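A.B. asks: Residues per chain are reported as follows:
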Amino acid sequence: MNVRLLAVFCLVALVSACAPWTRVAPDDRSFEKRDDYRLDLPIGWVRRTADVNDLFLTRDGPALNFIVATRQPHDRKLPNTKRGTRADMLPFELAELALAEWRGNDATANLEVLSNTPAALGGKPAMRLHVRYKNERGLPIERLMVAMVDARGRLSLLYEAPAIVYFARGQSAFENLVASLRFTAPPP
Amino acid sequence: MFKAACLAILLATTSLTASPARAAMSAVNPDLVQNLDARPKKVVLLPPQIFVFELSAGGVPTRMADWEAASRDNLRTAAMRQAQDARVFELVEAPALDPVEQETLDAHIGLYDRVAQAVFVYGRGEQTAWAHKKYEFDYTLGPGLAFLRERTGADAALIMLGADYISSGGRKLAFVAGLALGIVMPLGQSFVAAGIVDLNNGDVQWMGFDSSSSLDTRNADEVNGLMRTLYRTWPGPR
Amino acid sequence: MSRAAASRTLACALALSLVLPVRAEPVAPWAHTVGPAELDAPEKSLWQEADEFDRALLRAGKVNADPDLTAYLQGIMDRLYPEFKGRLTVRLLNAQQINAFALPNGSIYVNAGLVARFQNEAQLATVLAHEGAHFTHRHSLQQAERVRNAAAFALVVGLLGVPMVGDLVALSSMFGFSREHEREADAVGYRRLVAAGYAPRESIRTFEHLQAEIKAADIKEPFFFASHPKLQERIDSFTELSRDANGGETGYERFVETTAPLRLASLDADLAAYRYRQIILMLTNSEARREYPPEAGYHLGEAYRLRNETGDLDLAEREFRRTVETASQFAPTYRALGFLLYKRGDKTQAASLFRRYLELAPDAADRGYVEAALRETPAP
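Chains as they are written, first to last, in my numbering: chain Z, 1 to 188; chain X, 1 to 238; chain W, 1 to 380.
If you are wondering where the hints come from, they were derived from the structure by calculation, not from laboratory data.
Note that the structure is a prediction, hence the values are computed from the model and not measured.
Treat the hints with care, since some could be wrong.
Derived pair list, reagent style EDC-like, types lysine to aspartate or glutamate, alpha-carbon separation capped at 20 Å [to be verified]:
1) W/Lys44 x X/Asp66
2) W/Lys347 x Z/Glu93
3) Z/Lys77 x W/Glu309
4) Z/Lys82 x W/Glu309
5) X/Lys41 x X/Asp85
Footprint (simulated), chain X over chain Z, 3 or more residues, beta carbon under 8 Å [as the list claims (entries may be wrong)]:
6) 21-30
7) 157-165
Quick list of the computed label-pair ranges, beta carbon to beta carbon [claimed, not checked]:
8) Z/Arg71 x W/Asn308: 20 to 26 Å
9) Z/Ala151 x X/Pro99: 50 to 56 Å
10) W/Glu83 x Z/Pro79: 43 to 49 Å
11) Z/Lys77 x W/Arg322: 28 to 34 Å
12) W/Arg322 x X/Pro47: 56 to 62 Å
13) W/Arg179 x X/Gln84: 54 to 60 Å
14) X/Glu90 x Z/Ala168: 32 to 38 Å
15) W/Ala365 x X/Ala146: 29 to 35 Å
16) Z/Ala151 x X/Tyr135: 46 to 52 Å
17) X/Ser214 x W/Gly75: 53 to 59 Å
18) X/Tyr135 x W/Arg375: 47 to 53 Å
Glycine residues also receive a C-beta, built at the ideal position from the N, C-alpha and C atoms.
Taking the hints into account, I'd like the entire structure generated from these sequences.
C.D. replies: Below, the structure written as C-alpha cells:
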C-alpha cells in the first residue's frame, strides 16, 4: 500500500469514529462501477470504503489476502514498463505485459509462472495469470490476475495471498467474484 | 476534511497514551477460552527475532547487531523464567534444525509476521467493520510446523517478534516507523509480539502485544517485566 | 508520486543518510584471509549483517545455482586473489540489471545481465578484480557503511511495499563507496588483472562497451554502472592505468562457451521484462551476434514486435522467417510468426504456423492461447 493510503489506514485504525472499512452483508453485496461493470462481492469480506482502485477487499487483513479491481484508460502508463495498453491487444499480449510489469518490480522479479491461460471476463476474451514469488523472509506468495482490454481501457481483477493456507482459503471467493462480473454499459 | 479530522483525533488520542506506562494488548482464540483444559502444557520456544536500531539525532535508524544479540538473549531468558514463575506452561528450547526444516520454519515465521500484523490491527475487533474477527478468530499458520511437535513433544510453539528503536544518548524521541510486523507504531519505540500457535493445526491460540516508549530490550530486568505482563494475558487459571 | 518512485526516493534518502563521517585513522588492507573471530566489534557487526544479507538473497531465490557457471566465476576470482581463496566468494544473481557489488564479508555478487554483456573473460575479470579490492581494502569499514539486510530494510520501508533485495543491492553499490575508494579499487584491481595474466586493455573496453549500451538503450537505472559520471570515471581511470600496457589473454573462447546458456537465458529474461532496446542493440551488432546461436533471431524479432515503431513489424517478420530457416526446430519462432500474421488478418498462414508450434512444443505453457487462436482460424 502507498504512503498516503497507509497514513489514512493507520490513523483510522486508532480512531473508531472514522469508518474506512465496511463488511459485505448478504443483502448488500452488489458493487457497480457506473456505466461499466457490476460484481457480486464475497459475503463476510471487508471492503475499504475509499481506495484508488475501483474496489479493495480483504477477508483477514491485507497482509493475508486481498482482492483488487482496477479499470484504467489505455494511455495510463504502467509504472515499471512505462507502457500503456491498446484495445487490439490479444490476451496473451496483455499477460506478457503484466508479467513484464511484475518482473520490473524487484520484489517480484524472480516470480514463477504457475499458469498463463486464456479466460473470459464478462463474456469478453481475457487472460488469467497465476504466479508465485517469495518475499525477503522466504514466504511464498501467490498472485492471480484475470484481465482484459476493450475500447474503454484495461480492466483487471487481482487476488493475492501467502501460499501457505491463505491463498487457498480465499481463492473460491475470488473465482466467484470473477464469474459474477457483468458489463453494464453498451460498448462506446 | 476527513484526514484533518482524523489527524486531530489521533493527536488527542496519542497525547493521552504518550506515557511511559506499558500497554499490553492481546487477542485470544475463543475456542481456547471455551475449553481451557485444552491449553497446551508443553510449548517450544522458537528463537526470538528482534530488530534493534539506534536512532541518530536526526532520527535515522541504524541496525545494531550486538544490541540485537543482547535483546534476543533477554527475550529468551525472560520467556523461560517468567513462564516458570507464572506457571503458564512448560517452555522448552527449540531443537537444532536441518536446512529443509529451517527453510520451512523461516517461511512460516514469514507468515507469522503477517498474521501478527493482521491480528494486531484487525483481529482484536476494535474497528466496527472488523468486530466479527474477535469471535471468528481463524488466524492460523497451517499444519506445516507439525514436525516441531514430533521433534520436541510440544503441543504448541511460542513465537516472538519485535523491534526496538533506541535513540542515541539515551534520549527517547517520538518516531513513527515500520516494523517487522509491517505496521506504523505511533510514538511507542519498542514493539513486541508474542504468540502461541498450536503445532497440530497451526491455529493461533493467543497473541500478546506490547508497545512502549520506555522499554529498552537490552535491559534484562525490563524484558522480564515485559514477559510478566504479556503472560498475564494468557487465559485461564495457573 | 508513484509507489515505486516514492519508495526509491525514500530508499535513496535512507542510504545517503547512512553514510557516516570517514574514519580519521587509516585502515590497513587485508594481507590474507581472516575470519570473523579476528575482527573488532564494528567490523564484526558489518560482517554479520552481510552474512544475513547473503541468507536473505538465498531465501528470496535470487542466487543462480548453476554449478558450472558458479565454479567458472569463482575460478576467475581465485586466479585474481589466490591468497583470499575461501573468503572472496562469487555468486551469480538472477538479475538482469547491469550491476555487481561487494559485501564487507567478502561475498561478491554479479548480475547475470552484466555477465551476459561482457565480450570476454578479461572484461569479467576486470569487474571481479575491482569488487574484490573493495573487500581486501575494507572500504565498507572505512566509511562505516552499514549494509542492511533485506529484513531490516523491510522494517523501515516495508510499509511502502519496498522490501526489495534488488534496491538494497543497488544502494550498497552506488552509494556505498566514495570516489577515492572507487579509484583505489580500480588501481588495485588493475594490478591483480595484470598479475593474473589478463589483457589490461580489456579493462577500458569493459566500461566503454557498457557505456555505449546504456546510452543507446536509454537506461535510467540507479545502479553502479548506469550512473554516467561513474561509468566515465571508470573509463578514464583504466585508460590512465593501462596507458602503456600490452599483451595478456582475453579468454574469449572459454568465456563464450561457458556463458552461452547464460546469454540465451539473458535474452529470454530481457524479453520477459520488456528490455527490447537492449536486445536490439546487442543483436544488431554483428560482432556480438556471432556469440549467439541462430535461435537468437527469434529474440530479435520479438524485440522489434515489442518496440512496435514504424517498420518494426516488418523487421520482426523478417527475423522470424530467417530463424525458421536457420533454426527450424526452435518452436517459439512459429508461435511468434503465427500471431504476427494472425493479427494482420492472414489467419490461414497463421494456423499452419500454430500447428507446427504445437507439434514441436506439445507441452508449451502458452498452449491455451494458441489453441484459442486456432479456433478462430479456418479449418485445414
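A.B. asks: So is the stretch 157-165 of chain Z in contact with chain X by the C-beta rule, three or more residues under 8 Å, or is the coverage claim wrong?
C.D. replies: Our answer is that it holds, as 3 residues pass the Cβ test (under 8 Å) against chain X, meeting three.
A.B. asks: Would you mind confirming whether the straight-line C-alpha gap from X/Lys41 to X/Asp85 stays at or under 20 Å?
C.D. replies: holds (15 Å)
A.B. asks: Does the Cβ distance between Z/Ala151 and X/Tyr135 fall inside 46 to 52 Å?
C.D. replies: At roughly 47 Å between Cβ atoms, X/Tyr135 and Z/Ala151 fall inside 46 to 52 Å, so the hint holds.
A.B. asks: Could one say that the CB atoms of Z/Ala151 and X/Pro99 fall in the range 50 to 56 Å?
C.D. replies: holds (54 Å)
A.B. asks: Could you tell me whether the CB distance from X/Ser214 to W/Gly75 stays inside 53 to 59 Å?
C.D. replies: Holds - the Cβ-Cβ distance for X/Ser214 and W/Gly75, about 55 Å, lies within 53 to 59 Å.
A.B. asks: Should the hint that W/Ala365 and X/Ala146 are 29 to 35 Å apart at their CB atoms be regarded as holding?
C.D. replies: holds (34 Å)
A.B. asks: Could you tell me whether the CB distance from X/Tyr135 to W/Arg375 stays inside 47 to 53 Å?
C.D. replies: holds (50 Å)
A.B. asks: So if I understand the rule, the pair passes when the alpha-carbon distance is 20 Å or less; does Z/Lys77 with W/Glu309 pass?
C.D. replies: holds (17 Å)
A.B. asks: Could you tell me whether the CB distance from Z/Lys77 to W/Arg322 stays inside 28 to 34 Å?
C.D. replies: holds (33 Å)
A.B. asks: W/Lys347 and Z/Glu93 were given as a pair; does the straight-line alpha-carbon distance stay at or below 20 Å?
C.D. replies: holds (18 Å)
A.B. asks: Test coverage of the stretch 21-30 of chain Z by chain X using CB-CB distances below 8 Å; three residues minimum.
C.D. replies: Three-residue rule met by the stretch 21-30 of chain Z, so holds; n is 3.
A.B. asks: Is the hinted range of 20 to 26 Å satisfied by the C-beta distance from Z/Arg71 to W/Asn308?
C.D. replies: holds (24 Å)
No hint from the list above goes unmet by this structure.
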